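> One letter stands for each residue in the lines below.
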Amino acid sequence: KAGVTQTPRYLIKTRGQQVTLSCSPISGHRSVSWYQQTPGQGLQFLFEYFSETQRNKGNFPGRFSGRQFSNSRSEMNVSTLELGDSALYLCASSLKETLGDRGLGQETQYFGPGTRLLVL
Amino acid sequence: QKEVEQNSGPLSVPEGAIASLNCTYSDRGSQSFFWYRQYSGKSPELIMSIYSNGDKEDGRFTAQLNKASQYVSLLIRDSQPSDSATYLCAALNRDDKIIFGKGTRLHILP
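Chains as they are written, first to last, in my numbering: chain A, 7 to 126; chain B, 92 to 201.
Check before you lean on any hint, since a few could be wrong.
To be verified - Pairwise CB distance ranges (calculated):
id: 1; chain 1: A; residue 1: S33; chain 2: B; residue 2: D146; range: 30 to 36 Å
id: 2; chain 1: B; residue 1: S160; chain 2: A; residue 2: T44; range: 42 to 48 Å
id: 3; chain 1: B; residue 1: L137; chain 2: A; residue 2: K19; range: 27 to 33 Å
id: 4; chain 1: A; residue 1: L126; chain 2: B; residue 2: P172; range: 32 to 38 Å
As the list claims (entries may be wrong) - No more than 25 Å apart at the CA atoms, straight line, and that leaves these computed lysine-lysine pairs for BS3-like:
id: 5; chain 1: B; residue 1: K193; chain 2: B; residue 2: K158
id: 6; chain 1: B; residue 1: K188; chain 2: A; residue 2: K63
id: 7; chain 1: A; residue 1: K19; chain 2: B; residue 2: K133
id: 8; chain 1: B; residue 1: K158; chain 2: B; residue 2: K188
To be verified - To give an idea of the chain B side of the interface with chain A (calculated C-beta under 8 Å), a few residues:
id: 9; residue: L137
id: 10; residue: D187
id: 11; residue: K188
id: 12; residue: F191
id: 13; residue: G192
id: 14; residue: K193
id: 15; residue: G194
id: 16; residue: H198
id: 17; residue: I199
Honestly, the hints are just simulated from the structure, not real lab data. Please read all numbers here as calculations on a predicted model, not as lab measurements. All C-beta atoms, glycine included, are put in the ideal place defined by N, C-alpha and C.
Pulled out of the complex, with its shape left as it was, chain B reads as follows:
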């Protein structure tokens, strides 16, 4: 089973600071990567997708991909209490399956 690994957290970040979430994947054939946010008791909702090496920005969110290091990250600028949630990293692997990490719990401190 090809893995996607995330630190389970919780990661505590003061309001207004930058939250940095990290993810590594083992299948070098993976080409598409996703970050989902999941509030407690709710289903995952897509934040960002990234396919190419480098950075991709969308509002307060920046996804970073480094295929050589098999590393994906998500930066959240100006963190808000409403950003408190579990963040799931996912990769579409060479078997055409989307594999999810177990998620990082993020807690924004007011």
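The following block holds chain A by itself, in its conformation from the complex:
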């Protein structure tokens, strides 16, 4: 079974621009989560999508948004890029169907290779 895929793998943008990142989950996984990883802050949760709906959200400004399509593929958008948005953006998929699913392994997240974004 293919793993989580993310495109593009690397991006260089300038301040003020916007960027769209894409994620395809493991086949059969309908939950997709996005994370930002920086050396100083570690892995921070951005949001989670299930069945085309955002069902959980981290503490990031509104410049960070996402969506999910009917085939479970997800995109993440960052508008008005800032230097501090330089990071590794990771997508993860899981079998978690409903909030509260836990303890049977379905909440386990599997990560894609990430998109490394550099904002100049």
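Go by the hints and put chain B onto chain A.
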């Protein structure tokens, strides 16, 4: 923000010895816990998950959970140079968010 705390390291362990990685979490409502390994420049890969108090063994890895002390640990037996990586502890909290620690860098000395 509910926290997951780890010592950043680096933790240096001789090859063949036992590496012990520790993690504490603040949300008592957390019920599912995970250990991920992340090599430099790569994405995290799952090593173990644990849901119940006690030990869970998988090959050279043993995860330990103590909910009363809000403490999770990972033991790596017969440490190999290929185990050198950053180990991330994570907890699924009561808000249904997976919160990650900042990771412990482990260095296995040949």
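> Determine for every hint whether it applies to the structure shown.
Against the structure, the hints come out as follows:
Taking the beta carbon of each, S33/A and D146/B are about 33 Å apart, inside 30 to 36 Å as hinted. A hinted range of 42 to 48 Å is violated for the C-beta pair S160/B and T44/A, which are about 30 Å apart. Hint check: L137/B to K19/A, Cβ distance near 31 Å, so the stated range 27 to 33 Å holds. Restraint check, L126/A to P172/B: a C-beta distance of roughly 36 Å satisfies the suggested window 32 to 38 Å.
Between the alpha carbons of K193/B and K158/B the distance comes to roughly 20 Å, so the proposed pair stays at or under 25 Å and holds. Restraint check for K188/B and K63/A: the C-alpha separation of about 8 Å stays at or below 25 Å, so the hint holds. Distance check on the hinted pair: K19/A and K133/B sit about 21 Å apart at the alpha-carbon level, within 25 Å; holds. Taken as a hint, the K158/B and K188/B pair is honoured in the structure, with Cα atoms around 18 Å apart against an allowance of 25 Å.
For L137/B, the interface hint holds, the least distance from its beta-carbon to any beta-carbon of chain A being 6 Å, beneath 8 Å. Because the closest C-beta pair between D187/B and chain A is about 5 Å apart, less than 8 Å, the hint holds. A distance limit of 8 Å between C-beta atoms decides the matter here; for K188/B the minimum to chain A is near 5 Å, and the interface restraint holds. At about 4 Å, the closest approach between the beta carbon of F191/B and any beta carbon in chain A falls short of 8 Å, and the interface hint on this residue holds.
Look at G192/B: its Cβ gets to within about 7 Å of chain A, closer than 8 Å, so that hint holds up. Annotation: K193/B was flagged as interfacial toward chain A, and the flag holds, the nearest CB pair being 4 Å apart, inside 8 Å. For G194/B, the suggested interface contact is upheld, since its CB lies about 6 Å from the closest CB of chain A, less than 8 Å. Taken as an interface hint, H198/B does not check out: its beta carbon lies about 17 Å from the nearest beta carbon of chain A, beyond 8 Å.
Because the smallest distance between the Cβ of I199/B and any Cβ of chain A comes to about 22 Å, over 8 Å, the interface hint for this residue is violated.
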